[in-house]
Every structure is written in C-alpha cells, then in structure tokens.
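Taken in order, these protein sequences are the chains called A and B. Start counting the first sequence at 0; every next residue gets the next number (numbering that gives the first Met the number 0). Start counting the second sequence at 0; every next residue gets the next number (numbering that gives the first Met the number 0).
The reader is advised that the hints may include incorrect statements.
Cross-link-like lysine to any residue pairs, in silico, SDA-like; alpha carbons within 25 Å at most [what the hints assert, rightly or not]:
hint: 1; chain 1: A; residue 1: K41; chain 2: B; residue 2: N13
hint: 2; chain 1: A; residue 1: K143; chain 2: B; residue 2: P91
hint: 3; chain 1: B; residue 1: K338; chain 2: B; residue 2: T294
hint: 4; chain 1: B; residue 1: K104; chain 2: A; residue 2: L120
hint: 5; chain 1: A; residue 1: K143; chain 2: B; residue 2: K338
hint: 6; chain 1: A; residue 1: K143; chain 2: B; residue 2: R105
hint: 7; chain 1: A; residue 1: K143; chain 2: B; residue 2: S94
hint: 8; chain 1: A; residue 1: K143; chain 2: B; residue 2: N13
hint: 9; chain 1: A; residue 1: K143; chain 2: B; residue 2: H92
hint: 10; chain 1: A; residue 1: K143; chain 2: B; residue 2: E100
hint: 11; chain 1: A; residue 1: K143; chain 2: B; residue 2: L128
hint: 12; chain 1: A; residue 1: K143; chain 2: B; residue 2: R96
hint: 13; chain 1: A; residue 1: K143; chain 2: A; residue 2: T57
Just so you know, the hints here were simulated from the structure itself, not pulled from any lab data.
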Amino acid sequence: MESTDLAAVWLTLKLASVVTILLLIVGTPIAWWLARTRSRLKGVVGAVVALPLVLPPTVLGFYLLVAMGPNGPVGQLTQALGLGLLPFTFPGLVIASTFYSLPFVVQPIQNAFEAIGERPLEVAATLRASPWDTFWSVAVPLAKPGFLSGAILGFAHTVGEFGIVLMIGGNIPGDTRVVSVQIYDHVEALEYAQAHWLAGGMVLFSFLVLLALYTFNPTRRKAL
Amino acid sequence: MSPEIQARFRVDRNDFTLAVDLTLPGHGITALFGHSGSGKTTLLRTMAGLERAPAGYFALGSEVWQDESRGRFVPPHQRALGVVFQEASLFPHLSVRGNMEFGQKRTSTATNRFSLPEIAELLGIATLLDRAPGELSGGERQRVAIARALLAAPQILLMDEPLAALDLKRKLEILPYLERLHRELALPIVYVSHAPDEVARLADHLVLLDQGRAVACGPLNEVLARIDLPATFADDAGIVIEARVAEHEADDLTRLEFPGGHIHVSRRHEPVGTLLRCRIHARDVSLALEPPMHTSILNCVDATVVDLAPTDTPGHVLVRLDVAGNPLLARITRRSADKLAIRPGLALRAQIKAVALLG
Numbered sequence: 000m001e002s003t004d005l006a007a008v009w010l011t012l013k014l015a016s017v018v019t020i021l022l023l024i025v026g027t028p029i030a031w032w033l034a035r036t037r038s039r040l041k042g043v044v045g046a047v048v049a050l051p052l053v054l055p056p057t058v059l060g061f062y063l064l065v066a067m068g069p070n071g072p073v074g075q076l077t078q079a080l081g082l083g084l085l086p087f088t089f090p091g092l093v094i095a096s097t098f099y100s101l102p103f104v105v106q107p108i109q110n111a112f113e114a115i116g117e118r119p120l121e122v123a124a125t126l127r128a129s130p131w132d133t134f135w136s137v138a139v140p141l142a143k144p145g146f147l148s149g150a151i152l153g154f155a156h157t158v159g160e161f162g163i164v165l166m167i168g169g170n171i172p173g174d175t176r177v178v179s180v181q182i183y184d185h186v187e188a189l190e191y192a193q194a195h196w197l198a199g200g201m202v203l204f205s206f207l208v209l210l211a212l213y214t215f216n217p218t219r220r221k222a223l
Numbered sequence: 000m001s002p003e004i005q006a007r008f009r010v011d012r013n014d015f016t017l018a019v020d021l022t023l024p025g026h027g028i029t030a031l032f033g034h035s036g037s038g039k040t041t042l043l044r045t046m047a048g049l050e051r052a053p054a055g056y057f058a059l060g061s062e063v064w065q066d067e068s069r070g071r072f073v074p075p076h077q078r079a080l081g082v083v084f085q086e087a088s089l090f091p092h093l094s095v096r097g098n099m100e101f102g103q104k105r106t107s108t109a110t111n112r113f114s115l116p117e118i119a120e121l122l123g124i125a126t127l128l129d130r131a132p133g134e135l136s137g138g139e140r141q142r143v144a145i146a147r148a149l150l151a152a153p154q155i156l157l158m159d160e161p162l163a164a165l166d167l168k169r170k171l172e173i174l175p176y177l178e179r180l181h182r183e184l185a186l187p188i189v190y191v192s193h194a195p196d197e198v199a200r201l202a203d204h205l206v207l208l209d210q211g212r213a214v215a216c217g218p219l220n221e222v223l224a225r226i227d228l229p230a231t232f233a234d235d236a237g238i239v240i241e242a243r244v245a246e247h248e249a250d251d252l253t254r255l256e257f258p259g260g261h262i263h264v265s266r267r268h269e270p271v272g273t274l275l276r277c278r279i280h281a282r283d284v285s286l287a288l289e290p291p292m293h294t295s296i297l298n299c300v301d302a303t304v305v306d307l308a309p310t311d312t313p314g315h316v317l318v319r320l321d322v323a324g325n326p327l328l329a330r331i332t333r334r335s336a337d338k339l340a341i342r343p344g345l346a347l348r349a350q351i352k353a354v355a356l357l358g
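Chain B with its partners taken away, still in its complex shape:
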C-alpha cells in the first residue's frame, strides 16, 4: 500500500486565500487543475516547502514535512521531493550531466532508486550528457530538468505546468516520456496544469481548484463526470475511458473494447491488446430512444440516464449516463431533452460521433 499524501493548508494574502484539505493517493498522477489564479501553483509550492503556509500540515505517509500545530517545518532541501518548474531552470554553469548529478550527489546512494544512465535512457537524453544547457532545445531542457529531479531520489514528484512554456510540437515530444514515467516508476506525481488535454491524457486523479479552494477531488472520471460542478472544462466537458485495442478490421478501422461496449476508430498502429486512453467529449455524444437504423454514426452504446444539469452553453443540458458502470456525458439541447423526456433511469442509446485518442 503506497503512502497517502495529506495536505492541509491555509494561506491568506491580500487578494488571495488558499484553503485546502486534501488526501491524495500516494501513487499515480494527481492533476491539480484550475484557471490561473486558482491557487494551484501556490499549492504546489507550499507542498514543496518553497512557501510556508502559516497554518499547514503536509505529510507523505508517515513522513511529516509540515505540521504548524507542532511548529514543525522541514525546509525544502531536507524533503525527499523533486520539483519540475514551468521553465526547465537548468544551471547554466553546469553541463547536462552536471545538472543531473547536482541532486544525486547530495542524496545518499542508499535512497537512490535510479541510476543516471537509467534515467537518461528513460528520458531519451543519454546522448546529450556532455552538452551545455544552452545547446538544448526547449523540450530537451525540460527532460533534463525532469531527470535531474528524479535523480535526487524523490518520494514524490511535483510538476508545475512543465509543458506550458513549450510549443505544441515540444509538448507532443515530452508527453510520451511523462507517460513512461507514469508506467515505469512507482512514484506519486502531483501535476499542475490548466490544459484539459494534458489532464485527460496523464492524470489518474483530479483535484479541481477554484479561487483557492478544492471544489472536487477524486479519481479522474469520477470528477470529470460530475455535472454539478461549475463548468471548469467548459466546452471541453467529457470523460476519459481506457479502451483495449481489440481488432484491426479490413476496412481500415480499429475496434476498441471497453467495459460497456466497443467503439471504432481510424486504424491504429498499436498491436491488439494495447490499452489506449480516449476522451469522449460531451458535445460529441447524442442520444436516441430507439436503436438508430439509418445513421452514419458507427459507435453506439446502451446507456442509462443518471441525471442531467444545465450547462454554460445556452439552451443546452449536460446528461450524465451510465454505460455498464462507466460514466459518459452527453451535451444535448434542452429542446431535445424535453422532446425525448430525458429523465433519470431512462434507458437509451448513446451515439458517439467522435473519439479523441490520447497518446
């Protein structure tokens, strides 16, 4: 059982208050999601000990790093954590190797689970070790920064919008490495982001922050499927499913299976059996009472209405569905909802117009 992360902080500033009480799982990627000014970066910096919340408690399992009720505050350099900032912030006076060794040299070898060659390999920077930071691309620099943090033997990795400063191409270059970290290292990661796509692709758990408060916290899909929340994802409302590549069919389609049904997408290169994350936007799901006969939409699953709620889009409602235990969201017009008499408990067919495959 991996240790839980307990974070209770209260920070009062002139124009801003952060007040959270979170219990986060000690494994997987937990995304702190919110708009700028929601307090997600402050929360991360407070966890790292770079800022001290006057009232705070922060513990990773039995390791208590802050407990102001007992006057305990462990300074950042004595905490076994790694931080990756938005800008790579490599030390310009050291080579790539020097940067990577900076934290490694300052930790005892007994606690260090990773070796430099392993981490360099994992992040695809093995050929860059003798370069100077100035000779690297933005994406390479950020990978070195991640490697540097990992080599300091962290028990938790804190990432503050590590992709925000990069252009789309660099982002796509780094995302697979982050997924690899996620798969191959048993290391809890707290990941600050304001990009729904990144969250959908990487996160296992999601904390929604709004004006310094955690408005929701839980497994990714549980939070994504909540329709009672302020529309944080706005037009991007939708859920994420893990689907397995079931079959590559003759007409250039690939069939993906998930509990509750299957969906067809354009041919994928992944072998049968691979797990893929797909995002299904609420706006891409329509509802029908009868199995549709003459339609070009291929993907159609049985679903039951759980509840519905208004959205920020005028004239539309958000319908939460249950598909064999999996949540699914549909955004339809209020007129259609009335016409079809959509109500909780109603069994119907959900047509999925588009699936965004992540990764």
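One chain only, chain A, in its complex shape:
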C-alpha cells in the first residue's frame, strides 16, 4: 500500500471516530427528547433528523457547502470568529458527516429509550433519584444496546460516505481525502491494484461491523 493510501485510511478512521463521539453527544439529547416528548413538534424534528436517510448526499452536501461558504450564514459566523471557512477542511468534513450520519445514531438510541417505558423512571423517582440522576443511572444503562448499535452504525456509515465528502471536503490528501475518495482516484487513474486493496478492505470492514452488530448486540432485557 502506498503512503497516500495509509494516510487515507488513517484519516477515515479519525473522521469516523470524531464524528461518532460527536454524534453520541449531540444525538443522545435529541433521542431522549424524541422518545419522551408529547410535543407536536416531535413529528417535525423526527422527520428532519431522518432526512439524510432519503436525501442524496450531494443534496445535503450542496446545502452545507452553501451555508458554510463565504456568503452563507455559517461561513459568515466562522469568518467573524476568525476561524476562516470550513469547506475543504477536516472540521468542515466532521460537521457535514455529523449531519449525514445523525439518523443512524439517533434512531437506535431513541428506540432503546422508548423501549424502557415509563415505569423504571417512575420507580427511580420514588427512590429519590432526580430526573438527571435517573437519566444516568437508569435510562442510559437500560438503553446500552441502543447506544452500542448507534455508535457502530454511526461509525460505519461515516466510513462509508462518499458524496458528501466530495461536496464539502474535496480531495486534499491528509486533510479530506478519505478511503472512498482515494478508491475513486485510483480507479480514475486506472490503478486497479491499489483500488482493489482499499475496496476489499472496505468490504471486509463493513462485513465485520455488521457481523459484530448482529452477533454481539444483546437482546433487550425486559424490566422485571
């Protein structure tokens, strides 16, 4: 493997890790809210979160590019803060990927929260646990399988993205050139041998991830 290939693999893993951590932090409150709310906005928020499931990545990437661009609201903000522009940078890629993989993390966690039901939370309240305490000591442990699925899916989905990376990140070695883009480059340059290495690696990786998901995901324990 060439060093550019290794750099792409390393960048991909770094991107997926950062995005997964970010998604767990951002996705958990969204999932909790969606699981617990009786607000009429639930449908709207749920639909927005799920949008990346159906939209072509290029559409999402296009709007993010415009928003983060020099004339977009996000772009103006980042410029005003002295951060420069986000497109074609690693942070920009992270933000775009976070949007793109959001439903893959939110939905499993939301389902897990919903499966807990009202009762364990009520029991915790009658045992002197505040809502915050209950969230950490009852809801999160009981939703663990959902967190596991969400993290695996979020990570794997970020590793597998292509369209949005091209739109936001372009093709800067070491900064935004991830494995999927690298494969594309190899194919363009007719370097099929290198493409094979990376593509085969992706197939193996994806298979192992799904295998782990289906094998180790513990069946939900019922409240007794």
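Using the hints, position chain B against chain A.
This is chain B only, laid out in the frame that chain A set:
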C-alpha cells in the same frame, strides 16, 4: 401520636373524575378498595406525586407535599415515600443488592431507620442479594421491590395491588411478610386492592372508592358492617373479628375467644394467646329467636338486631347485629325476616356456620 394523612384531590379527565377528601390515620394499613376504574390507582399515584392533580392538597402530618392553593408541589423524588407497584419493576441492570441500595444510597443515613441486612431478613431475601432480578420468582421479586422501597427511608408506604400480578401460591407466600411489616414497622401503609380477602386480612382502615369518589372511610369493621352502602363486597359481605386462641380442645377443635363470645374452629397450630383474624361472611350467619337445641351448628352467640337492609341477592336482606359491641352481619331471606319479625332492638341468637381464618 402518629401524623395524620390528609388527601384532597380533584382530577378531571375526559371519562373520569376523581374527587376525594380523606383524612387517614398515620398508622396501620389503610386499604383503598374498589372495582377497576374506581380511581384507586389514580389516587395512589396522585399521593406519590407521579400524577399531579390540578386541585390538590396532600400532607403527612406537618409535611405538606402538595398544596395547589399555594402552588406547592413537591416532586416525587423529594418526597419521603415508598411505592410498590403491581409488577415488581426491579432494575434489570442491577443485582438484588443493587436494587435495594438504589434508594438507600440516595437518602441520608440519619433518616434511615432500617439497615439492609435487617430488611433483607424481615422479607426473607437475605440469601438472594447477589442474584440478578431475572433469576428470581415473581414472589421473590415483589419482596425485593418492597425491601427496596423500605430502604429509601419512607415515612409512608404506598402499595398498588402488589399481589395482583401473582398467582395464589405466590400471594400466600407474600402475605405473611406483609403482616410482618404491619406488626414490626411503625409505618403507615396505603394499600390499593380489589381483592376482599386481602383487605379483610391486612387492613385496619378501609376506604371504599366508587367512580372516583370515596363512599366510605373508617376503621375496617365499621365500614364492613355498613349495610347502607352499595354492595361493594357483594356476595362477600361480612365482618372481620380479632379472636384470641383460648384453648386447644381434645376433639381436635380450637376455641377462639372474642369480646362477645367464643367460636370453635378446626384445630390450629398457633399457641394459646395468639391473636387471629377471622372473617365471618354474612351468608354464613343464620338467626334464631330461641337458643337452638338440636342443631349441628356449634357456634352460637347472643346478638341484638341493629338494623336491616335489602341486598343485591334477590329475596334476601342483610341484618346488622351487635354482639357485645362488635358488629356482625347476617344475610337471611326476606321470608325468614318477616316470619321471625326481625326488627331493630330484637335480641336473638346468631348461629355462625363457618369462620374463615385469615393467616
């Protein structure tokens, strides 16, 4: 003097209204009895603060947990109460010990009257502490749930049909523990039930709920002996007496004494002096003007008619009797009542055909 419980709530829902104004004693077991839909579970949940009655007042002694007229509502996790639900609802991610410590860890040690080993011993779960909830039987789980609630240092224990989800065998397994709680802990218990047997066996006070209203509230026997109420207990009308084991007789009978007389039952294993609760169904009591001479019925007491009222059973009346200050109910046919000219003040003999010993 233990603190009184004051509960005034009004809950209006589309199809249901709960409107109660109760003063309950701050000791012993108070049963909230009623059919499903009578509002007993809603009342209990409102007491716990799990539901908020828009108009409500709830206080245990000087501790006011809800007073909507002043906008006061203490959330459940800040109330010193324990709740036992119909399903044990143990936390599956914690061991038995972890479940029991959950509330204990969140209360200050100063307020905690009970230690974990004591409570585990009391409820017979000391050997189960390291098990996972999934490895327990239904009865064991419910005992752990009770222990967990007690260890959170409650000043009142609210139990929502804790036996309803269990089969008869498990029920009989748990009842002695509940009686033990009752005897050994000075803790007021509010106990929701729709099972007359459980109420007769456990309760000291009884609140009858019907369609969201408290139709009667008072000491168990006072309420049970009221014949003016809609027949909530229906075929189960009857009273409860506390009798003392007086003597084990040679012919395999045990004589029980209660103020007003004595009754014989099949030999009991309890030692002389033990107090036993017995239930005497109205349908098992017949009346005679003369002391019956030739009868197989052994148990016969002097009684005075207080009043009588029709029952839901066609052709029958319910007669309330006074037996040396204790109430007794008899269900007889209207024809017999007419023939014997049963009227208030009449002195007669009440024959007790059967006694159900509780516990």
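Okay, the hints, checked on the actual structure:
Our distance criterion of 25 Å between C-alpha atoms is met by K41 (chain A) and N13 (chain B), whose separation comes to about 24 Å. This hinted pair checks out: K143 (chain A) and P91 (chain B) have alpha carbons roughly 12 Å apart, not beyond 25 Å. Of the pairs offered as hints, the one joining K338 (chain B) and T294 (chain B) holds, with about 20 Å between alpha carbons and a cut-off of 25 Å not exceeded. In summary, the hint linking K104 (chain B) to L120 (chain A) is supported, as the alpha carbons are separated by about 17 Å, within the 25 Å threshold.
Simply put, K143 (chain A) and K338 (chain B) have alpha-carbon atoms about 74 Å apart, too far for the 25 Å limit, and the pair is violated. Annotation: proposed proximity of K143 (chain A) to R105 (chain B) holds, straight-line Cα distance about 23 Å (limit 25 Å). Taken as a hint, the K143 (chain A) and S94 (chain B) pair is honoured in the structure, with Cα atoms around 17 Å apart against an allowance of 25 Å. This hinted pair does not check out: K143 (chain A) and N13 (chain B) have alpha carbons roughly 38 Å apart, beyond 25 Å.
A hinted pair counts as satisfied when its Cα atoms are at most 25 Å apart, and K143 (chain A) with H92 (chain B) qualifies at roughly 10 Å. Proposed proximity of K143 (chain A) and E100 (chain B) is supported: the alpha carbons are some 21 Å apart, at most 25 Å. Proposed proximity of K143 (chain A) and L128 (chain B) is supported: the alpha carbons are some 24 Å apart, at most 25 Å. Distance hint between K143 (chain A) and R96 (chain B) is fulfilled; the C-alpha atoms sit about 21 Å from each other, no more than 25 Å.
Restraint check: the Cα-Cα separation between K143 (chain A) and T57 (chain A) comes to about 33 Å, which exceeds 25 Å; the hinted pair is violated.
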